[in-house]
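Asks: Numbering (mature numbering (1 follows the signal peptide of the UniProt record, and there is no 0)), first residue to last: -19 to -1, 1 to 564.
None of these hints come from the bench; they were simulated from the model.
A hint or two may mislead.
In the SDA-like style, the derived pairs of lysine to any residue whose C-alpha atoms are separated by at most 20 Å in a straight line are [what the hints assert, rightly or not]:
1) Lys220 / Ser192
2) Lys127 / Gln138
3) Lys196 / Asp179
4) Lys381 / Pro354
5) Lys127 / Asn86
6) Lys477 / Lys525
7) Lys231 / Glu310
8) Lys358 / Asp379
9) Lys210 / Ser226
10) Lys231 / Glu257
11) Lys210 / Gly123
12) Lys334 / Ser363
13) Lys358 / Ile416
14) Lys433 / Lys274
15) Lys127 / Phe143
16) Lys470 / Asn504
17) Lys274 / Arg295
18) Lys514 / Ala524
19) Lys477 / Gly523
20) Lys231 / Ser218
21) Lys74 / Arg64
22) Lys220 / Ala279
23) Lys187 / Gly172
24) Lys74 / Lys187
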Amino acid sequence: MIISELLLLLLLLVSSASANCNICSFQHDYYNDSPEERSEDRVGIVETTRVEECCEGYETRDIFKHGCPIESPVRTMHEVLERVNSSLWQLAKNGGVEDELGRNNITVFASSGNDSPPDDARSYVINRIVPGIHRAYDWTDGTVLKTTGGGDLIISQSQDVFGSVRTFVNCVPLNSSSDRAQNGLVHVVDGDLRPANDTLLSTLDKDPRFSYFYKLLSDRLSKLLAENKNFTVFVPSEKVFSSLSDSLLKDIKAGQGCTSSFAPSHIVEGSICSSELSHHRLKSLAGSEIDVKNGKRATYVGRARLVGGDVYTRNGVVHIIDDILVNDEFLSWKEHLEIYNPHLSDALSGVVKDTAKLITIFVPPVSNKTISPEIAKNHIVSGDVLEDFRRPSSIETDAKSEMFTGYSPRTSPIWVRFSMGRFQRQLGQLGCTRIIRDSVRGCQSILHFIEKTSSVNGSLTSKEPITVFIPSDDAFSNNEFKKLLDNSKLSDIFVKRYIVSEPLCESDIHPHPAEIRIQPHANLNGEPLRLRKFGDDTFVDGAKIEIQETGKSAYDATAEKLGEARDYIGDKLHGGADAVKGK
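Using the sequences and the hints, build the whole thing.
Replies: Quick look at the structure:
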């Protein structure tokens, strides 16, 4: 027997220095059938160490460097526990269960360092003892070991980025080495090992930290969490639930519409320990993906921070987080508006009767505390979720106001623009109002953030937008004005001279102080109109622009509408208006 042992050891040492001890596993059956040999020498009882056990947890280069002794001393269980610096033996004495540690053929899981004093020393000790000899190389992911106390120790295994297998016992890391005792085997774990006694459902029900979440479980989820299939549950803390608005809590408890996915959004398949979260691509039972990031001081699950974890159960694990794991589409438009513009939210409460209906909302900056129902209607489009405002189109608000969207000035062949200012990403345009930040999707809704309120309130009545520059009364002599009124052809040419067939908003007319812009715009006669800025004033072909964006409606600049446009402008000439923009 000794000769065969030496030959196998020699074969192991001359193998590749980086290879794992596969030969140990290869000879597994042979050694399991071989009796142990013990003998007496000057130092006491010794036993022949099988190559298989010697290799456990080591690579061949480690054995080559440090040697693999054929014989090693056999210690008592008490001596082994003292050697690994575990207080388990003392706890067994305190609980009156030393005899349990003295039984033959047992496997013990001990923590290195002094364990925290348990409330029940007896239960603590017997739930770290497993009948039989259980070696780490025999385990697979999901192996369940039943303790003397009736609890479950569940093995989980995963590979790190280098391909090395990491083993956990109820989410507590297992050291790579084990120690033999006269009556069994001792595995050392790096943490406080607790047995799994209940299912996920029972744990959520019994633990007061999870009471809020437990009440939100549907019958289907409750049945699922009581079965043998493994799951990982992320439970928001009680503080998170207490911080949610009453309306949101009411919707969540009702479980209707978008809120029906709340609980499934916090549950993923498989038992995943906190130390292994970043090595998994998580997908909830609701179908949403969960992004896990390891920060310097914390682990983030979605936008939530992991504040307590590894509550192990017979069919999974529970982690505690400091936020809810839902995206913006889970919240209703009212929940979002209460954050971004509570005044508009209050105004819409009396306007929108069916909160489950599709809706598009244009959110201006918070300015006036009081918003009238009519103005509120001009900021919504009911019955649809409109996303793209970059393309030319038109919309009609609930106040029956029609406005153009997505237009930008047409560039001429002679077009130059230099800007020293910061480039602003174009997110869309609504009339003369720009969308200034990324939109937010809500449940059956979308919120677009606009730079101002005024242009949303204009009543625009036609499909083709135009810009009209109207001369003031002082620009005309009586004879010139009379001549225009008497000659329709001359009047049409005159009117066309002041109309541009595109919307020029204030931002198009007044360039930023940090930019130089050369951009002529053609009127309906095909003549270029040059906009120039001198100081704080802007001029169009030498005429000073006094007023912009009056919010009035002009007509389309087509042939059949020129007469109406002429009459409209003629009326305005005597009304003293200086400029009109619209369509």
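Asks: Run every hint past the structure and note whether it holds.
Replies: Do the hints match the structure? See the list:
1. Lys220 / Ser192: holds, 12 Å
2. Lys127 / Gln138: holds, 18 Å
3. Lys196 / Asp179: OK: Lys196 and Asp179 at ~18 Å, within 20 Å.
4. Lys381 / Pro354: Cα-Cα ~13 Å, so holds.
5. Lys127 / Asn86: holds, 14 Å
6. Lys477 / Lys525: holds, 19 Å
7. Lys231 / Glu310: Holds, at about 17 Å.
8. Lys358 / Asp379: Roughly 5 Å separates the two Cα atoms, so the pair holds.
9. Lys210 / Ser226: violated, 34 Å
10. Lys231 / Glu257: Not satisfied, since the Cα-Cα distance of roughly 35 Å exceeds 20 Å.
11. Lys210 / Gly123: holds, 11 Å
12. Lys334 / Ser363: holds, 11 Å
13. Lys358 / Ile416: Roughly 18 Å separates the two Cα atoms, so the pair holds.
14. Lys433 / Lys274: violated, 38 Å
15. Lys127 / Phe143: With Cα atoms ~32 Å apart, Lys127 and Phe143 exceed 20 Å; violated.
16. Lys470 / Asn504: holds, 16 Å
17. Lys274 / Arg295: With a Cα-Cα distance of about 27 Å, the restraint between Lys274 and Arg295 is violated, given a limit of 20 Å.
18. Lys514 / Ala524: Cα-Cα ~11 Å, so holds.
19. Lys477 / Gly523: Distance ~18 Å between Lys477 and Gly523 Cα, so the pair holds.
20. Lys231 / Ser218: Satisfied, since the Cα-Cα distance of roughly 18 Å is no more than 20 Å.
21. Lys74 / Arg64: Between Lys74 and Arg64 the Cα gap is close to 17 Å, so the pair holds against 20 Å.
22. Lys220 / Ala279: Holds. Lys220 to Ala279 sits at ~18 Å (cutoff 20 Å).
23. Lys187 / Gly172: violated, 24 Å
24. Lys74 / Lys187: Status violated; Cα separation ~31 Å.
Checked against the numbered hints above, the structure violates hints 9, 10, 14, 15, 17, 23, 24; every other hint is satisfied.
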